[in-house]
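6 protein chains.
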Amino acid sequence: MDYLKSLQCKTLAKGRELAFTLARKTIAAIQTDPQVRKELRPKYAQDTTQLIASSQVVAIEFQTIAMANNYWRYEN
Amino acid sequence: MDYLKSLQCKTLAKGRELAFTLARKTIAAIQTDPQVRKELRPKYAQDTTQLIASSQVVAIEFQTIAMANNYWRYEN
Amino acid sequence: MDYLKSLQCKTLAKGRELAFTLARKTIAAIQTDPQVRKELRPKYAQDTTQLIASSQVVAIEFQTIAMANNYWRYEN
Amino acid sequence: MDYLKSLQCKTLAKGRELAFTLARKTIAAIQTDPQVRKELRPKYAQDTTQLIASSQVVAIEFQTIAMANNYWRYEN
Amino acid sequence: MDYLKSLQCKTLAKGRELAFTLARKTIAAIQTDPQVRKELRPKYAQDTTQLIASSQVVAIEFQTIAMANNYWRYEN
Amino acid sequence: MDYLKSLQCKTLAKGRELAFTLARKTIAAIQTDPQVRKELRPKYAQDTTQLIASSQVVAIEFQTIAMANNYWRYEN
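Residue numbers (our numbering), protein chains in the order written: chain A, 20 to 95; chain B, 20 to 95; chain C, 20 to 95; chain D, 20 to 95; chain E, 20 to 95; chain F, 20 to 95.
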């Protein structure tokens, strides 16, 4: 799977995207039934508590990715 | 999108601002309907549990941004 | 705003104070109505779950500030 | 046990796998009865709040593993 | 206040103690009424969810303290 | 107490064990009555939300221990 090839991302935007992907793929790895995931999605997307909790997972994954890329310090 | 151009921020205040933006944009990326987000907002802004949880997301995003800027150690 | 001028704090005590300020200011930035905040405060200050969650936000902000100050290793 | 031999993983994909294993083994170490775990599993796999919380544990374990492997910076 | 003098601790045991103190003092700084704190204590000490959440705060504060002391690597 | 002597662990397995011990001892330090702890245990060991939250505490303690041991990079 492509998202598991490297933490190195050319840009911050790509890094952010990878953080989302990792977070989403973890859910998919635990709840493996795509039908169930599809049913669950609208529920949590309207529940602010869960939206905030999801944001936290993204923030943690992103922290790892940002470290891996030296915060894109030399990019620009 | 501008907030995805760089983690480098001239000042601490700008870095803090970016932390808020990242946190907010994550929510928007999961709940893509602006109308739903608008409806959800008053609810969570009056629920201290959710306010505290949101603060935690901001704190984690900020930690990453502060690292990226060497904590603005040489700024002043 | 003064608390957004620098993460550098002369003493550990000042650093701890800044962690509290950052945490509090995040809440104020999300719930901008001071009247609502005033009403919310007594509620969460008597709810141990929320007190503990608030402590966690302070602990994360403090971790960032402590890093920024090299843990005040050479202070004494 | 094999997963407790080393944090060094040849690839990012293996590192991600180890993060899942560590998270799962912690649960198993606290709830030692495999029958109970089997009964609990369907419940939490349909509860988005718990799926998100699990993702967070995986994200934290992964952060440690990624650090241990220098983010697989020199792998490709 | 003594616990705000330094993060440097001679031993791991003292560092652990400081983590507890910091966590407890944060609660006391938010809920300033000692009588209310006294009343709240038995409630959360019998609620495993809150005990676990408190442990997490201690773990985060300890992480900061352990970093500050270079993990007591050269102590023994 | 032995677990408070050093964060240095010969092996990853021992480090993982220490993470569990630290997490458990924090609970014991807050809820000091062993009889109450004994009564609380079955309850949380069957509640997946609490099992996941406990796993998170272990993950954070382990992150600190892994750092302290340079991730056992040179062990094998």
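Simulated from the structure, these hints should not be mistaken for lab results. Predicted model only: the values in this text are computed from it and were never measured. Be a bit skeptical, because a hint or two may be false.
Straight line, CA to CA, 35 Å or less: simulated DSBU-like cross-link-like pairs of lysine-lysine [as the list claims (entries may be wrong)]:
| no. | chain 1 | residue 1 | chain 2 | residue 2 |
| --- | --- | --- | --- | --- |
| 1 | A | 62 | A | 44 |
| 2 | A | 24 | A | 57 |
| 3 | E | 44 | B | 44 |
| 4 | E | 62 | E | 24 |
| 5 | C | 29 | E | 44 |
| 6 | D | 24 | A | 62 |
| 7 | D | 24 | D | 62 |
| 8 | C | 24 | E | 29 |
| 9 | A | 24 | B | 24 |
| 10 | E | 29 | F | 62 |
| 11 | B | 62 | B | 33 |
| 12 | B | 29 | C | 44 |
| 13 | F | 33 | E | 44 |
Which bits of chain F does chain E cover? Going by a derived footprint, with three or more residues having C-beta under 8 Å, they are [as the list claims (entries may be wrong)]:
| no. | segment |
| --- | --- |
| 14 | 27-33 |
| 15 | 41-53 |
| 16 | 77-89 |
Every residue gets a Cβ at the ideal spot worked out from N, C-alpha and C, and that includes glycine.
Legend entry - Pair hint residue 24 of chain A and residue 57 of chain A, alpha-carbon separation not exceeding 35 Å: 26 Å, holds
Legend entry - Check of the segment 41-53 of chain F against chain E for coverage (Cβ-Cβ below 8 Å, three residues minimum): holds (count 7)
Inset, instruction - Examine the segment 77-89 of chain F: at least three residues should have C-beta closer than 8 Å to a C-beta of chain E. - result: holds (count 6)
Legend entry - Restraint check for residue 62 of chain A with residue 44 of chain A, where alpha carbons must lie at most 35 Å apart: Satisfied, since the Cα-Cα distance of roughly 18 Å is no more than 35 Å.
Inset, instruction - Compare the distance between the alpha carbons of residue 24 of chain D and residue 62 of chain A with 35 Å, and conclude whether the hinted pair is satisfied. - result: Answer violated: residue 24 of chain D to residue 62 of chain A is near 40 Å, above 35 Å.
Legend entry - Given pair status - residue 62 of chain D, residue 24 of chain D, alpha carbons within 35 Å: 32 Å, holds
Legend entry - Hinted pair residue 33 of chain F and residue 44 of chain E, Cα distance within 35 Å: 32 Å, holds
Inset, instruction - State whether the coverage of the segment 27-33 of chain F by chain E holds or is violated, taking the criterion as 3 or more residues with Cβ-Cβ distances under 8 Å. - result: violated (count 1)
Inset, instruction - Below or equal to 35 Å on CA atoms is what counts here, so check residue 24 of chain C against residue 29 of chain E. - result: Answer holds: residue 24 of chain C to residue 29 of chain E is near 33 Å, not above 35 Å.
Inset, instruction - Compare the distance between the alpha carbons of residue 24 of chain A and residue 24 of chain B with 35 Å, and conclude whether the hinted pair is satisfied. - result: OK: residue 24 of chain A and residue 24 of chain B at ~23 Å, within 35 Å.
Legend entry - 35 Å Cα cutoff - pair residue 29 of chain B, residue 44 of chain C: 20 Å, holds
Legend entry - 35 Å limit on alpha-carbon distance, applied to hinted pair residue 62 of chain B and residue 33 of chain B: 28 Å, holds
The structure is inconsistent with the numbered hints 6, 10, 14, although it conforms to all the rest.
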